[in-house]
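In order, the protein sequences belong to chains A and B.
Residue numbers are given in this note's numbering: position 8 of the first sequence equals residue 8, and the series is strictly consecutive.
Plus 98 on top of the position in the second sequence (first one is 1) and you've got this note's numbering.
Covered stretches of chain B, as calculated for chain A (at least 3 residues, CB under 8 Å):
id: 1; region: 175–184
id: 2; region: 316–323
Calculated pairs, DMTMM-like style, for lysine to aspartate or glutamate (alpha carbon to alpha carbon, straight line, at most 25 Å):
id: 3; chain 1: B; residue 1: K342; chain 2: A; residue 2: D26
id: 4; chain 1: B; residue 1: K166; chain 2: B; residue 2: D136
id: 5; chain 1: B; residue 1: K317; chain 2: A; residue 2: D7
id: 6; chain 1: A; residue 1: K88; chain 2: A; residue 2: E66
id: 7; chain 1: A; residue 1: K88; chain 2: A; residue 2: E38
id: 8; chain 1: B; residue 1: K130; chain 2: B; residue 2: E382
id: 9; chain 1: B; residue 1: K312; chain 2: A; residue 2: E38
id: 10; chain 1: B; residue 1: K145; chain 2: B; residue 2: E379
id: 11; chain 1: B; residue 1: K317; chain 2: A; residue 2: D9
id: 12; chain 1: B; residue 1: K372; chain 2: B; residue 2: D136
id: 13; chain 1: A; residue 1: K88; chain 2: A; residue 2: D7
id: 14; chain 1: B; residue 1: K342; chain 2: A; residue 2: E38
id: 15; chain 1: A; residue 1: K19; chain 2: B; residue 2: D194
id: 16; chain 1: A; residue 1: K19; chain 2: B; residue 2: E169
id: 17; chain 1: A; residue 1: K19; chain 2: B; residue 2: E193
id: 18; chain 1: B; residue 1: K372; chain 2: B; residue 2: E146
id: 19; chain 1: B; residue 1: K305; chain 2: B; residue 2: E262
id: 20; chain 1: B; residue 1: K240; chain 2: A; residue 2: E38
Calculated from the structure, these hints are not laboratory results.
Here a beta-carbon is modelled for each residue, glycine too, at the ideal position from N, C-alpha and C.
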Amino acid sequence: MQELNLDPDRISKRPSLAKHARLQIDRLTGEPVLLSQEAVFTLNGSAYEVLKRCDGTRSFTQLVEELAERYPSATIALWSDALRYLEKLSQKGLVQWI
Amino acid sequence: MDLVPRPYGLLAELTYRCPLHCPYCSNPVRWKNNVELDSEEWTRTIKEAAELGVLHVGFSGGEPLLRKDLELLIQAARGAGLYTNLITSGFGLTEDRAIRLSNAGLDNIQISLQAAANTLADTIAGATNSHQRKLDAVEIAKRAGLALSLNVVLHRFNIDNLSEIIALTENLGATRLELANTQYYGWAYRNRAMLMPSRTQVYAAAKHVSDAIKRLAGKMKILYVLPDYFENRPKACMNGWGRKYLTVNPGGFVLPCPTAFEIADLRFETVRQKSIQWIWEESESFNRFRGTEWMPEPCRSCPRKEIDFGGCRCQAALLTGDASNTDPVCELSRHRVLIDEVISGHRGDAGTGSLVFRHNSGAAHS
Chain A
1 MQELNLDPDR ISKRPSLAKH ARLQIDRLTG EPVLLSQEAV FTLNGSAYEV
51 LKRCDGTRSF TQLVEELAER YPSATIALWS DALRYLEKLS QKGLVQWI
Chain B
99 MDLVPRPYGL LAELTYRCPL HCPYCSNPVR WKNNVELDSE EWTRTIKEAA
149 ELGVLHVGFS GGEPLLRKDL ELLIQAARGA GLYTNLITSG FGLTEDRAIR
199 LSNAGLDNIQ ISLQAAANTL ADTIAGATNS HQRKLDAVEI AKRAGLALSL
249 NVVLHRFNID NLSEIIALTE NLGATRLELA NTQYYGWAYR NRAMLMPSRT
299 QVYAAAKHVS DAIKRLAGKM KILYVLPDYF ENRPKACMNG WGRKYLTVNP
349 GGFVLPCPTA FEIADLRFET VRQKSIQWIW EESESFNRFR GTEWMPEPCR
399 SCPRKEIDFG GCRCQAALLT GDASNTDPVC ELSRHRVLID EVISGHRGDA
449 GTGSLVFRHN SGAAHS
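Modelling step: build the complete structure from the supplied sequences, incorporating the hints.
The structure is reproduced here in structure tokens:
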């Protein structure tokens with residue numbers, strides 16, 4: 001299991017989609033996709049809900065709290081799942097922490 | 099009856115005209131001076147492609163900045179919900195133009211560089227001050243707030259300078275770098291003997307690239323296009339014929355790949371006569387090599403047939419005379435010797451003679 005950086009300095013930063021990355025609904029399937037340079041990433045529902053909120057205006061903590069409020073049945077794993085996902089995208093240059 | 103897959107990407111070659119003369123260009127060496135599609139024809143083409151499922155459009159050429167209606171087309175593409183990429187030499191990218199492109203909704207600009215240093219770069223591009231003009235274009239693009247990718251085509255003359263090239267692109271602040279070993283079509287095929295690197299050069303390059311990919315993960319994405327002549331299995335060309343991508347060339351011909359005219363006995367359709375949907379789904383050209391049913395042996399029973407799709411049809415046509423042959427790069431191809439001859443330099447005039455620099459002409463020039 002990958003180490004998660006739960007450094008308060010990290011999670012108080014604001015995740016933001018990279019300038020070259022665009023969130024979109026695929027008109028053919030109705031499913032959310034992340035488009036970037038030459039790539040197309042299909043997204044599941046929860047990935048989309050996270051990325052929709054990555055506009056650089058909310059800290060990671062605020063983002064997760066917002067999700068938890070919106071989806072009260074979400075489990076305690078929401079924190080680590082969301083962080084792990086954003087770190088993965090950050091490694092790919094798709095998300096920045098500002 | 100197989101289901102026809104939906105396309106994901108459109109390559110819109112707006113013109114074959116170009117101010118540069120790169121000898122590795124894969125544009126056709128001879129092309130009839132067909133009347134280029136106009137703004138309305140391109141707009142319709144873009145909309146039809148979007149309706150069919152395309153999500154990305156690359157505006158390319160030749161040099162797409164030569165088209166005055168480029169901003170209009172980008173706007174049309176964004177309006178149709180497409181991600182837009184501009185694939186350019188950077189020649190013609192003024193401050194004003196960059197701002198207009200950004201306002202039109204351009205998502206990403208990809209600028210080509212020919213080398214890490216002026217003299218070599220200018221020589222390859224065949225234009226004075228080319229390298230500096232491109233560096234200026236990079237700064238202009240960044241100031242206009244455009245997302246930046248860089249592309250460097252690799253060959254015998256610059257492959258030894260890979261670490262300098264990577265360092266330069268890193269300093270320029272691109273988020274994506276495409277290091278593309280020359281693919282031998284068009285002018286590149288003409289210049290193949292001169293452009294072909296040695297095996298030693300190719301191995302050294304691969305090491306540099308793999309180190310750089312690790313070092314720059316998260317900072318700059320590096321895409322490395324392999325020199326397939328040095329591989330034992332062919333590239334999954336276009337990810338399969340008529341499977342994910344389509345190209346529309348400047349005259350409106352709809353092609354499964356930008357070099358498809360290398361296949362002499364295939365008839366291609368144009369947007370002036372048929373819809374994109376009909377061409378993608380019904381045309382002979384798109385169906386001829388779609389899927390795996392058309393494959394002769396050894397591809398037909400090969401466990402990799404749905405991984406590399408038998409390689410490149412254009413390469414099979416160019417080198418063996420028959421587009422349905424296994425790509426001769428494959429070590430299982432009975433034509434593999436054609437590749438081995440070239441990479442070991444045993445062909446008669448390999449390495450002698452000079453590069454033929456690309457020029458814009460419909461007429462046959464030697």
